[in-house]
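Please take these sequences and the hints and turn them into a complete structure.
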Amino acid sequence: MNDLFATLHAVLLGLLRAVLPEGLAQALVTLLGIAVVLGFVALVVMSQIWAERKVIARIQDRVGPNRVGPFGLLQSVADALKLLSKEDVVPARADRLVFVLAPLIVLVPSLMIFAVLPFNWDATVANLDVGVLYVLALATLPTLGIVLAGWASYNNYSLLGAMRAAAQLVSYEVPEVLAVLPVVLLAGTLSLWGIVQAQSSAWFILAPVVGPLAFLTFLISGIAEVNRSPFDLPEAESEIIAGFHMEYSGMRFALFFLAEYANAFSVSAVAATLFFGGWHGWLLPGYVWFVLKAYLLFLVMVWARGTLPRLRYDQLLAFAWKVLLPLTLVNLVLAAVVKELRLLEVVPWPALLVINLGVVGLLAWGYSQLYAAAQRRAAVPLLEAAQGARS
Amino acid sequence: MTEVVAAGAFYVFALAALVGGLGVVSARHVVRSALFLMLALSSVAAIYVLLSADFVAAVQILIYTGAIMLLLLFAIMLTPQQVELPPFASAGQQVAAGVVAAALLALLVGTVLVTPWPLAATPLDRPTTEAIGQAMLTTFVFPFELASLVLLVGLVGALLLARED
Chain A
9 MNDLFATLHA VLLGLLRAVL PEGLAQALVT LLGIAVVLGF VALVVMSQIW AERKVIARIQ
69 DRVGPNRVGP FGLLQSVADA LKLLSKEDVV PARADRLVFV LAPLIVLVPS LMIFAVLPFN
129 WDATVANLDV GVLYVLALAT LPTLGIVLAG WASYNNYSLL GAMRAAAQLV SYEVPEVLAV
189 LPVVLLAGTL SLWGIVQAQS SAWFILAPVV GPLAFLTFLI SGIAEVNRSP FDLPEAESEI
249 IAGFHMEYSG MRFALFFLAE YANAFSVSAV AATLFFGGWH GWLLPGYVWF VLKAYLLFLV
309 MVWARGTLPR LRYDQLLAFA WKVLLPLTLV NLVLAAVVKE LRLLEVVPWP ALLVINLGVV
369 GLLAWGYSQL YAAAQRRAAV PLLEAAQGAR S
Chain B
153 MTEVVAAGAF YVFALAALVG GLGVVSARHV VRSALFLMLA LSSVAAIYVL LSADFVAAVQ
213 ILIYTGAIML LLLFAIMLTP QQVELPPFAS AGQQVAAGVV AAALLALLVG TVLVTPWPLA
273 ATPLDRPTTE AIGQAMLTTF VFPFELASLV LLVGLVGALL LARED
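So the sequence lines, in the order shown, correspond to chains A and B.
Our numbering applies: residue 9 is where the first sequence begins, and numbers increase by one.
Our numbering applies: residue 153 is where the second sequence begins, and numbers increase by one.
Among these hints, one or two may not hold up.
[Stated by the list, open to error] Derived coverage of chain A by chain B (criterion: at least 3 residues anywhere in the stretch with Cβ under 8 Å from a Cβ of chain B; other residues may be distant):
| hint | stretch |
| --- | --- |
| 1 | 37-48 |
| 2 | 149-158 |
| 3 | 166-174 |
| 4 | 276-290 |
Please keep in mind that the hints were generated in silico from the structure rather than gathered at the bench.
The beta-carbon is built from N, C-alpha and C at its ideal position, and this holds for glycine as well.
This is the structure we're talking about:
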């Protein structure tokens with residue numbers, strides 16, 4: 009089953025070659041691959057919306073969608089139909105051209121990222137030599153669309169959302185790129201396919217200290233880049249109503265929504281590729297492993313959304329520049345050490361796992377000690393004040 | 153087949169870049185200009201791809217179309233809205249602008265005419281990243297390190313400026 013896509017590709021190409029010239033047959037097969045990936049994205053987004061609503065509901069002690077179809081599975085279909093049939097409203101003073109273009113500028117790059125994701129060793133639409141750069145470059149473009157949407161809406165709240173989105177991206181793009189660099193260093197290639205191939209003996213998450221740190225910084229800045237909670241400041245409902253997409257309704261709003269979930273999935277899929285060995289796994293075929301890992305990481309993002317409060321604006325920027333940036337820079341140096349000592353090749357992976365878990369345990373213990381000490385420091389003056397008041 | 157597609161793609165993207173460039177200078181509103189600039193920069197990235205310079209193309213999108221355009225838009229939005237530029241600048245400015253534009257045109261045309269353009273028989277379908285990396289860490293190591301240092305100083309300086317005290 010593991011060479012399903014290679015077999016399909018060969019069979020289809022053989023069939024088409026029989027009736028068409030060589031170049032046309034190749035082009036058709038590639039187009040078919042693109043269509044399959046786009047269909048997959050649509051399916052993934054629908055299931056993600058359902059999963060997110062269900063999981064968030066459970067976190068908040070609710071039931072979630074349960075009316076349309078079994079377990080509410082068809083709720084997304086119903087929502088999409090509703091959005092399609094809605095009236096298309098453009099604000100009177102909006103810049104019409106920019107207003108109409110903005111959702112497309114958000115959606116198209118989000119979909120283009122899926123072209124380089126290595127779903128299996130034989131299933132990437134395009135194995136680019138600069139795959140990592142391609143992903144990082146395209147991941148910044150949706151924010152341009154968001155900024156333009158906020159500006160074109162001619163609405164102060166939308167404009168505020170747009171400015172927040174711009175500042176947020178400029179801040180979080182730097183640590184995101186720096187968080188990916190250790191992986192590129194360890195793999196020695198920029199191709200996503202090559203990076204997965206380089207993890208056949210040990211996943212990069214296992215690299216002592218470097219792996220987990222790079223993964224965490226990448227996930228945090230990735231969540232910030234796709235504007236998901238707790239970094240959803242550009243659309244914070246309680247502060248600026250809905251921010252950049254406030255004036256959008258119907259299908260145009262649906263495009264933003266689609267892009268947001270496609271982005272969320274591509275961040276988790278890229279994280280699965282870079283740190284969790286992509287298609288590598290046991291028993292099951294590679295593409296199943298890949299989608300499984302990406303989904304688990306997406307559920308981590310849902311979990312974060314369900315449990316963490318939204319950051320304040322200055323906290324958001326301070327966190328990027330004062331915490332993430334130094335951490336990623338130090339991590340890059342550590343990655344060079346790991347690479348030079350060939351730790352990933354020399355040490356067997358269970359030992360690496362033990363080392364990493366040990367470091368995590370040590371950090372948790374140290375943090376709890378510091379926290380307890382701070383509590384005690386705060387408690388003594390309070391107790392003294394209370395005693396003074398009594399006597 | 154491949155040559156026809158490549159030539160067609162080149163003309164499409166070259167035209168898009170030209171339309172974008174003209175749009176930047178002729179659009180009525182600054183944000184529209186920015187939108188046209190996005191078109192121009194992305195088309196140039198596509199032309200890089202056609203020239204087999206994949207690394208440069210990706211960096212062009214990452215830095216120019218992504219980060220720089222975003223900073224530009226951010227700056228535009230921080231400036232007061234409804235800034236209508238006067239249709240024509242003063243006579244002195246027009247003359248100066250004309251001279252600079254003519255000099256730039258002469259320089260570019262001269263460069264295009266003087267440079268020998270080597271033609272490859274087949275498309276250069278070979279990865280460039282490794283070669284660029286090699287060159288940066290051997291032949292051009294000092295300029296590269298200097299540039300990195302300048303960027304790092306800029307980064308630290310920005311942090312210093314942003315400190316609230």
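- Query: Of the hints given before, which are not true for this structure?
  - Reply: 1 and 4
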